[in-house]
Amino acid sequence: MTGTVLLEGTGLGKSYGGVRAVDGVSLRLSAGEVLGLIGPNGAGKTTLVDLLDGAQPADQGTLSIRGRKLTGPPSRRARSGLARTFQHPHLALDLTVRENILLGAAAPALAGVGGLLRGLAAGAVRPAGKRFDAVVRQVAQALELGDLGRRCGDLTLGEQRLVEVARALAQRPSVLLLDEPFAGADAAGITAIADAVRAVRAEGCGIILVDHNVDVVASLVDRILLLRTGTVVFDGDPAECMASAEMQDVYFGTGGENVVA
Amino acid sequence: MNAVSTTRKAPPGLPGWARSAETGRVLGTLALTLGVIAWAGGDLFRQDLAFLGATYALLALGMYLPFNLAGTLSLAYSAYVAIGGYAVGLVGTKTGWPLPVAYLLGALASAALAVVLGFATRRLSGFYLAAVTMLFGVAFQSFLLDAKDITGGAVGIGSIRPLTFFGGELDRHGFIVLTLLIVWLVAVAIDRIRRSPFGVTLQSSRDVPAAVEAAGVGVPALRLVALGVGAAIASLGGGLFTTANQTIGPDTFTLSLVMLAIFMPLLGGQGSAWGAVLGAVLVVELTFNLQIFERSGSLIFGVAVLAVLLIAPRGILGYTGQAARFLRERLTRTSRTPTEGAGR
Chain A
57 MTGTVLLEGT GLGKSYGGVR AVDGVSLRLS AGEVLGLIGP NGAGKTTLVD LLDGAQPADQ
117 GTLSIRGRKL TGPPSRRARS GLARTFQHPH LALDLTVREN ILLGAAAPAL AGVGGLLRGL
177 AAGAVRPAGK RFDAVVRQVA QALELGDLGR RCGDLTLGEQ RLVEVARALA QRPSVLLLDE
237 PFAGADAAGI TAIADAVRAV RAEGCGIILV DHNVDVVASL VDRILLLRTG TVVFDGDPAE
297 CMASAEMQDV YFGTGGENVV A
Chain B
654 MNAVSTTRKA PPGLPGWARS AETGRVLGTL ALTLGVIAWA GGDLFRQDLA FLGATYALLA
714 LGMYLPFNLA GTLSLAYSAY VAIGGYAVGL VGTKTGWPLP VAYLLGALAS AALAVVLGFA
774 TRRLSGFYLA AVTMLFGVAF QSFLLDAKDI TGGAVGIGSI RPLTFFGGEL DRHGFIVLTL
834 LIVWLVAVAI DRIRRSPFGV TLQSSRDVPA AVEAAGVGVP ALRLVALGVG AAIASLGGGL
894 FTTANQTIGP DTFTLSLVML AIFMPLLGGQ GSAWGAVLGA VLVVELTFNL QIFERSGSLI
954 FGVAVLAVLL IAPRGILGYT GQAARFLRER LTRTSRTPTE GAGR
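Here the protein sequences line up with chains A and B, keeping their order.
Under this note's numbering, the first residue of the first sequence is numbered 57, with each subsequent residue one higher.
Under this note's numbering, the first residue of the second sequence is numbered 654, with each subsequent residue one higher.
No lab work stands behind these hints: they were computed from the structure.
Pairwise CB distance ranges (calculated):
#, chain 1, residue 1, chain 2, residue 2, range
1, B, Ile803, A, Arg207, 49 to 55 Å
2, B, Leu680, A, Asp203, 24 to 30 Å
3, A, Lys125, B, Arg981, 54 to 60 Å
4, B, Leu788, A, Asp271, 56 to 62 Å
5, A, Thr60, B, Glu982, 53 to 59 Å
6, B, Asp799, A, Leu149, 46 to 52 Å
7, A, Ala239, B, Leu680, 47 to 53 Å
8, B, Arg981, A, Ala295, 54 to 60 Å
9, A, Gln143, B, Ile803, 53 to 59 Å
To list a few chain B residues with every Cβ distance to chain A over 12 Å, as calculated:
#, residue
10, Phe793
11, Val830
12, Ala957
Cβ atoms here follow ideal geometry from the backbone N, Cα and C, with glycine treated the same way.
Based on the provided sequences and hints, a complete structural model is requested.
Right, dumping it as structure tokens:
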């Protein structure tokens, strides 16, 4: 089920002061593949996602998407087909569920200064933005979001997770970065997100899934990247990873690290 | 919970366009605008108030888009309005061009200025944009006094020719009609933009800029567009005001306008562009029309803003909207209509 290489990173590194948060990480993500990114707190998972997405510039290493160099701010990378969710949901709390998903659906049309000016003019003429309705409705249905008129500030954390995943899906990405999408979600939410991930994987999307919840990750992913203090200590089959000495060491070892399995 | 609903169904009986809330808003505000035109009539004092209110409304709308929606604060609004005014002064005395050319030139110059100031501070925090634009506003005031050859110095520019319309000179009442309809049109446009995908992106960039970036819209460019459009709208206000008075000087648009620009949308309610217009009407009413308070208008304005912000943080429109929702809920709860759902 895996196909062509979508995303490829080589020797990615990032330091904060003297601490190397990500230290020479190389990774490869293929079309239709779910790559699980696991590791204890402080292993560098979110920093790695930020390096891929451009939220933070990498100190070293190169990154490419479908063989073409991937650089610049997140907005430019999003236009190359990248979408992400955040560890702590980033939603406009005064806006409705529909409007927050609309941000993802409409963003490609608002790219560049020309797109912004066209969007401004179109806003005065056709404020409803009906042409994005189909996409919004589809991803909302996939995640079982119910009433789209609710204010996001009135939602539970689990519902906010679903809205964030919906917004990322509405971008129609070819690479999807999910930073702990299951944290705070209830059982139904976890199922909905897992189903949505399987659905876009079937369409050829490549997904990187960051999570502490090793059980959920193991059932969903094709391959696991185990991080520890900024370096990859295991890269391979989920079952092998679970049984590996590295896994035992990282999660149950005596290294003095935070155990969050 | 598989049903996905995006819009509330309107009551049956009328064709779709006629029963939408949007149509009600547009027609209702048009009726109010026509009401103000009728109120001003031929009374010179009322006409002056209407022109001032229109200028303030455009100033407030120009602030509303970049500040209240996008969260970027520029403090050079006195300069933007003055540029619009002086554009009319220069075009109306030194060229034979029609005055609308001046509106366009003033709007373009103000927008360009706002974009340049925004671009220069794009990598810094919002505080720097505010500081730099405030300094620019102060410097611009001095420039108007010093550049005597262009601006006429302290005297300013007088005897600006009036606006002509289809060959004939537009009289004062005709110009009131035109000005207020322009304000109405701009407010309708801004309020529609607020609810559009562009407006949703703008508001998201105020609250969660990282999410807007990650979705694919460059936040710095988005902010510059908002700043430019806001400056252009404020400049149009200055142009129309100057056309009405046929004179402009360095004291016509002072730095205190910036404070009004910030507080008018807050006073009226940030939830809608019409809050900015309502704020402008209230300011004119409080500072000029209430004879008893003749000399203490600005004091009363300050106290009123403070009171509104404390009692109704969402402004007057937000407060009345909340009250209306509360009443509607009460009414529907008591009369649980058996016809509910008949229109589906």
